[in-house]
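Novice: Model the placement of chain G with the ligands on the given structure of chain W, informed by the hints.
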Amino acid sequence: MNLPSLPDDPDGTNLDFMPQGYPELVGALTHTLGPKNVLTSTEDILPYGFDGTAALKQRPLAVVFARDAAQVSAVLKLARVHRAPVVTRGSGTGLSGGSVPVAGAIVLCLVQMDRIMEVDAANLTLRAEAGAITQRIFDEADAAGLFYPPDPGSMKISTIGGNVAENSGGLRGLKYGVTRDYVMGLEVVLADGSICWLGSKCVKDVAGYNLRDLFVGSEGTLGVITQVLLKLLPKPAARQTLLATFARMDAAAETVSSIIAAKIIPCTLEFLDRKTIQCVEDFAKVGLPRDAEAILLIETDGHPAAVVDEALKVEELCRSHGATTVRRAASAAEAVQLATARRSAFSALARLRPTTILEDVTVPRSELAGMIREVETIAVKHRLNIATFGHFGDGNLHPTILTDERDTEEMQRVEHAFADIVAATLARGGTITGEHGVGLAKKPFLKRQLGDASYELLRLVKRSLDPDGLLNPGKIFDLSETLQSDE
Amino acid sequence: MNNSTTTNAPGDMGGSALNATPVSVRETPVSGLAALDYSILQQCMHCGMCLPTCPTYIETKEERHSPRGRISLMRAIADGEIEATKAFGEEMYYCLGCLACTSACPAGVNYAQLFETARSEVEAKGLLDSPKRDAIRWFALRLIFTRPRLLRFVGRLLWLWQVTGAQYAFRKLRLTRLLPADLRRLEPQAPVVQAKFSHQLIAPVERPAQAATKPRRVAVLTGCVQDLIFADINRATVDVLLANGCEVHTPPLQPCCGSLHAHNGDTETAEALARRQIDLIDPFAFDAIISNAGGCGSHLRHYDHILEGDDRYAARAAEWSRKLKDISEYLVEIGFRRPEASAVPAASVDVTYHESCHLCHGQKVSRQPREVLNAVPGVKLHECGEATMCCGSAGIYSITQPETAGWLQQRKLGHLRATGASVVATANPGCHLQIANGFKQAGEATSVVHPIILLADAYRAERAKA
Ligand SMILES: Cc1cc2nc3c(=O)[nH]c(=O)nc-3n(C[C@H](O)[C@H](O)[C@H](O)COP(=O)(O)OP(=O)(O)OC[C@H]3O[C@@H](n4cnc5c(N)ncnc54)[C@H](O)[C@@H]3O)c2cc1C
Ligand code: SF4
Ligand code: SF4
Chain W
687 MNLPSLPDDP DGTNLDFMPQ GYPELVGALT HTLGPKNVLT STEDILPYGF
737 DGTAALKQRP LAVVFARDAA QVSAVLKLAR VHRAPVVTRG SGTGLSGGSV
787 PVAGAIVLCL VQMDRIMEVD AANLTLRAEA GAITQRIFDE ADAAGLFYPP
837 DPGSMKISTI GGNVAENSGG LRGLKYGVTR DYVMGLEVVL ADGSICWLGS
887 KCVKDVAGYN LRDLFVGSEG TLGVITQVLL KLLPKPAARQ TLLATFARMD
937 AAAETVSSII AAKIIPCTLE FLDRKTIQCV EDFAKVGLPR DAEAILLIET
987 DGHPAAVVDE ALKVEELCRS HGATTVRRAA SAAEAVQLAT ARRSAFSALA
1037 RLRPTTILED VTVPRSELAG MIREVETIAV KHRLNIATFG HFGDGNLHPT
1087 ILTDERDTEE MQRVEHAFAD IVAATLARGG TITGEHGVGL AKKPFLKRQL
1137 GDASYELLRL VKRSLDPDGL LNPGKIFDLS ETLQSDE
Chain G
18 MNNSTTTNAP GDMGGSALNA TPVSVRETPV SGLAALDYSI LQQCMHCGMC
68 LPTCPTYIET KEERHSPRGR ISLMRAIADG EIEATKAFGE EMYYCLGCLA
118 CTSACPAGVN YAQLFETARS EVEAKGLLDS PKRDAIRWFA LRLIFTRPRL
168 LRFVGRLLWL WQVTGAQYAF RKLRLTRLLP ADLRRLEPQA PVVQAKFSHQ
218 LIAPVERPAQ AATKPRRVAV LTGCVQDLIF ADINRATVDV LLANGCEVHT
268 PPLQPCCGSL HAHNGDTETA EALARRQIDL IDPFAFDAII SNAGGCGSHL
318 RHYDHILEGD DRYAARAAEW SRKLKDISEY LVEIGFRRPE ASAVPAASVD
368 VTYHESCHLC HGQKVSRQPR EVLNAVPGVK LHECGEATMC CGSAGIYSIT
418 QPETAGWLQQ RKLGHLRATG ASVVATANPG CHLQIANGFK QAGEATSVVH
468 PIILLADAYR AERAKA
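These protein sequence lines map, in sequence, to chains W and G.
Residue 687 is where the first sequence starts when you use the numbering used here, and the numbers rise one by one after that.
Residue 18 is where the second sequence starts when you use the numbering used here, and the numbers rise one by one after that.
There's no promise every hint is true.
As the list claims (entries may be wrong) - Take a look, some chain W residues computed to stay more than 12 angstroms from chain G by CB distance:
hint	residue
1	Ile-946
2	Asp-1138
3	Phe-1163
What the hints assert, rightly or not - So, partial list: chain W residues that the calculated Cβ filter (under 10 angstroms) puts toward chain G:
hint	residue
4	Ala-740
5	Val-749
6	Asp-800
7	Ile-843
8	Phe-969
9	Gly-973
Please keep in mind that the hints were generated in silico from the structure rather than gathered at the bench.
By construction, the Cβ of each residue, glycine as well, lies at the ideal position given by its N, Cα and C atoms.
So that you can see chain G by itself, here it is in the shape it has in the complex:
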């Protein structure tokens, strides 16, 4: 169905140092609910088993804001029974895309696909268009998050802003009052950018100290947000892979995976970015492709589906999806080495684990991060209530729907506090920031880490002792 001719994308997204094949998009995007395989819509038998896990239904108790309610609206549109209206568009953006409904659904409804199709219909029809929204979307989706160098440049500016004290002075002088209301609200939440980005911390190829005869070859994806504000997590990911005898390949300049685009109705760009990712990392050349961010991984895993209609890429995309692994998942799969208990400080630390939606619901990786945490000497893992419920970050949801995002954040903090843990482990940058911001605003010292950081620290302590 996708044999349409391809053209260069408007506003050409090539032009990076990657020199990848020109970004191509479908001429007439086959989008929309009516074009969707009807059996995907029909799969929902409206039993309601997903309702108690859906955050927006819990918040409102209105069917429209529930998974089956949303699916019924999509189906009515596909049937031509109702028009796709602005109200429908708003509904699709009120949905968090957290996919809790897919874990709860015994019938196996593919909500992720329904949701992405619906949002792309909303965008194709321009149901929510306004000059301000259009500008922001163009800036984020088409400009910044398609050009890794530009993103790093923006990141560098933000870093300068934060370290030079300009941010502090600006706030002291109460110049923030000059900002429009929504920016004023967001400004203090802006993440702290790290001094070094991933490519400054990680060599393109790193080999384990004691290489096995045939080491596992893996590629590490550095992500875009992760690259700027959590480059240390990328470093730790490489470290634990090395400690487990893997030869690690980390291309220094990687494109965005496209998840932001797919979740925000820009299927075209999402497809183009998937192609570029595959051009950069040939899945046939590696034993595994490693992601360490729940949100990215969940999208990266579905390249097979995204490119299934593209003859030139379909086979590689299928291989890609087979090889794509979350870091914890891969470590457990290869039987990772537990650090020596003796190498670590006697004092134990109380840790609780918040599951990123797209790791547990999107990728069904839930047990493995806990295994990693339990392997770290000195870590005492305490389960929290509602561990699999969204923290309200949900991509850019905390920006677009601040009220619901805030409510979810507070609900999450309550459950985390109740465990008495001093450290919250989580494996997704969005959740990481949302939870860390929450604790910061409440003036609490609880810290947030990626499970891999704790494991990497333990290996390092072990080496220091040896």
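Pulled out of the complex, with its shape left as it was, chain W reads as follows:
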């Protein structure tokens, strides 16, 4: 393996630092994309040094905007000639450091590629450029009487390309699945600049390997997604939202198990603990019960009769498992308000402490109640302030450590707590990340979860598709480490 030696400027603070050939590269990029689409000044590029992840920061060398696949291809070819790493970026809301630049990188930002090209009502598909905002995709489908279910908390600003690259989930994951379940086709630019289509509008298609799915969740390490072909569903005729309040966390967890055991699959089954409830209420003012230990936000959708029936059963189950109150959203507007409030949970928690670091562990649903108790024990053990919310129905928890990155002693305890949470998750047959991706944040834990053989297979795939190791290098895993030397 011959890897390019990447520039070494860990803090990104060395402003004079420039890799060899850098001025020629910038000149060529400017020539190809036009001066407006190549940013190099400090004020312009500093705000691309981070994404939504706490405490990760690295200034890039330049930021470029592409308008179509041909330009993306040109950028990748130039980067290859100059051996410059390329970090693809959507809206930079990622929570595992995926679009945080590596030293000396060109950030390839796709937000200008935001066209929605086609809503095909006959085939129930939508085709859009990778930079299109998730919310707009939902709205366009909605306007045609159709439905694009994946709804990450960040959907008002995240790009569909970012969603595909992270295989994002959302509030409707329990019934409708995640982004992967809606990707029918992708246009991808490979490391050598070639442009290929993977997948088609056909519901069934087994021509060749299923490489489309390889790119879903690839975190910008295998290629640059430039277009997506999405599957749409008919819009559910009715929906009902319930808000159940609990005085004990266990009661909420047991309620969830009982709903699933009763063979009911609501579209949404979200959970917030007390700290999260209070922060969200401070921001959104939607009347959440501040004194509750936990709340469940539950939504059922589908045929009107089925919705009425399901809502009744769910309400009964909540009450019989100790819900202190169950509130029904009186209108569609109130339901949207409650869901929007829930989507703000992560950011709202930042009200309590300066630094908000969130986990994304997921366990089989039967392990949920135990996992939550374990997180509480870990918080006490390390004397940390941890709030928890998450997609309960999916077994996906977001324990969020509220801390201060400038307090080095406390940050050490945070490290230990994370290690404990990961160990507990893996012991329960869980995964270190349910929807935010590995990126930089989860990289140290990946091999432990996958085991040597699977881990090495991942790296083999990476080497085949990106032999120079220029696409988002150092994310998910390092290519340079050897199996033996790695602990």
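Specialist: Below, chain G with the ligands alone, put in the same frame as chain W:
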């Protein structure tokens, strides 16, 4: 932290008929991002939830022009990682200060304070200084908008210019070609000054016709721009308060509230003006202090914060901020009387409501103006798209950044037109002018009013009938 000795301001801003205490300023202004409480900067966890509401990000899709991008630059300066440069200064003036980001931000980032601190750093360091800019700033911030009498005098000249036909003749003779380019562009946008200013329309104290045993005592702030070109709105404000049993105090000569200064990096003058305002109106003597201009109210509400380090004023400033209310907010709070439906013409009027940034984002008053509008018999309220997005007026932004301001104005007009309304209600003079100018230039008859005008009209119609 603010126990430094005080001196008279350079160019003494007293000297008005107010005979207020001499204007005092800090000797060494504690300004700058580095001196700011770091937790305010740290509060931003760069989640990006504010991006879709920020007009300059929507326009450019560049992070530098987004709230979190700007905050990251401020933080880098506070950290000493980068220098505050001219480019940074320009960025701070490209920001509209519309505060849409604060409504969108779940983390509760105090962008208003960051923005004002950053702009004051830009000014203290002279990052954007040029002779022309300095002269304009001195003229506007230090001269005109600190002296209410002078402002009225300038207003009177402008009025003469407009009513005597001089403006018309000047344009007819195409003498406007002699003006420098930016003045030529602005000249037709100059607001029409009203024949009478607030003090000619409102007595210092007015009592309700049927006084309750103990009427509510309120003070009305007349504003500076509002005073000259929208004195009728001030009159209407007094009328609706009287109609709701309030005893209304309106000091005839009021200083500027200082918002223009704070938003343009002149913290010193802003503080001095806050003191003078409090000297003039003792907050402990009133049940409420009423503002009817979104932009002023948003600033007036923060006197507590502006004067928190000033021992002599802190307590009064805190009381002031507690009592400061927007007119619609106060009416709803006291359960204002809905005019009789029968007293009003049968024909209904289609109205839409544009939210002033500093009323909805700055003061979080959003529901109440709609309640006022819905109480007016015959008004049919139609919601418009993007009601809370800036119209591009943003203080003097339409003068400093005409391109972005024009783009926002057209975007706004599009949403207003789509409602089919013939009347646009809005509660801030800047928005009022920006939208009215837009319709005028497009040759459309849509009119713009303050919600309070409609309510006052309804009360008047009621009285006429009785
Ligand atoms: C408040 C908040 C709530 C969130 N809620 C959820 C949630 O409920 N569920 C969830 O799953 N996530 C959630 N996220 C995480 C994040 O929003 C998602 O991962 C989202 O998909 C990222 O989209 P983006 O456009 O911001 O991508 P970025 O952050 O810019 O990039 C993410 C990764 O994808 C790669 N990438 C981006 N675009 C492309 C492309 N076109 N081709 C190839 N690679 C690309 C980048 O290199 C990077 O590795 C949340 C984040 C925030 C801040
Ligand atoms: S200002 Fe608020 S919403 Fe915007 S990035 Fe910072 S924390 Fe998030
Ligand atoms: S004040 Fe307005 S223009 Fe400035 S950052 Fe906030 S939203 Fe953007």
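Novice: Could you run down the list of hints and mark each one as holding or not?
Specialist: Results for each hint:
1. Ile-946: holds, 30 angstroms
2. Asp-1138: Correct as stated: the minimum Cβ-Cβ distance to chain G is 36 angstroms, above 12 angstroms.
3. Phe-1163: holds, 25 angstroms
4. Ala-740: holds, 6 angstroms
5. Val-749: Holds, because the Cβ-Cβ distance from Val-749 (chain W) to chain G comes to roughly 8 angstroms (cut-off 10 angstroms).
6. Asp-800: holds, 8 angstroms
7. Ile-843: holds, 5 angstroms
8. Phe-969: At about 5 angstroms, which falls below the 10 angstroms cut-off, the nearest Cβ of chain G leaves the hint on Phe-969 (chain W) intact, so it holds.
9. Gly-973: Since the shortest Cβ distance to chain G is 15 angstroms, the answer is violated.
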